[in-house]
Amino acid sequence: MVGWKFDTPNPIVAYTVGIEFDRAIDDASLRRVMALHSQLRRELPRKVEQQSFTVNFGFQPPQSVAPNLGGVVFDSLKPDGSVLHSLTITRNSCSYMTSNYTRWAEYWPVAERLIGSVCKEIEEMTNISAFVLVGNNKFHWTRSQAPDLGQLLKSESIYIAQNLLLRQSACHSFHGYQTILEGDSAEQIDNINVVLGNDPMLGWASELTFHHRRTLRLPVSCTIAMQATGDGSRSMAARILDEMHSLNNTLAKATLSDEILADIPGLGSP
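Residue numbers for the sequence shown, in this note's numbering: 20 to 289.
No lab work stands behind these hints, which were simulated from the structure alone. Beta carbons: idealized from backbone N, C-alpha and C, even for Gly.
Computed Cβ-Cβ distance ranges for the label pairs, DEER-style: (1) Gln181 - Ser240: 42 to 50 Å; (2) Ser188 - Arg65: 35 to 43 Å; (3) Leu96 - Thr198: 34 to 42 Å; (4) Met220 - Ser240: 43 to 51 Å; (5) Pro128 - Lys97: 17 to 25 Å; (6) Asn182 - Asp45: 45 to 53 Å; (7) Gly195 - Arg132: 29 to 37 Å; (8) Asn119 - Leu88: 24 to 32 Å; (9) Met144 - Asp99: 32 to 40 Å; (10) Asp45 - Gly285: 39 to 47 Å; (11) Arg60 - Glu206: 36 to 44 Å; (12) His194 - Arg236: 19 to 27 Å; (13) Glu206 - Thr121: 30 to 38 Å.
Please put together the full structure from these sequences, using the hints given.
Here it is as structure tokens:
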């Protein structure tokens, strides 16, 4: 019996999709985005402004540095005070995260709507240069003996360093690769990150993170990327992130042991 467990319904502790801009948005655009909170406060009631600082290095006398508005976060919290859902906007990116992921078919429409609402406020200022998807998974070791990553990960996986399977103490493995896509119109970097650590209060835990970033050779306008076409086809953003989500699941199946996969809805055997 496998000694690794995860909190139901799945091991995902955070799922994030986002876009990156080809140039930073200005103060006026960021202020317009902040004003969106009046429309979104029912589902994301808290607003947190993020400050940024500019530090000059050189031989000039020290100067007082005033903080600048670097971004804003709209979020909702769990009863324990941790973040449940969040929409994060910086001058260079916009992303949506949930710590209560269930299914892509439920998650993506919310993410698309929220990110799309931000795009409408900045579309004249910047374009989309990249799409990002990150899946963070966490597993807890439930036995008294040393943790065994061989029970969590596939021994034959091409994405896992074999030495990792022999470790019984804190360790880390990072693997990434680049793929040229769609007739050289984009490139994608996919990373598989495994961490094993021991928390004095919570015990041994392993985090498995899949990070995907697709960079467009030519940035596209926010309107073109986020809007569905007139014939009913899905938006460019939806199609790209669908593919990245599918790859995320494929890598999970290629990395996690069959015993673990059997308990994850949507990934295990029917």
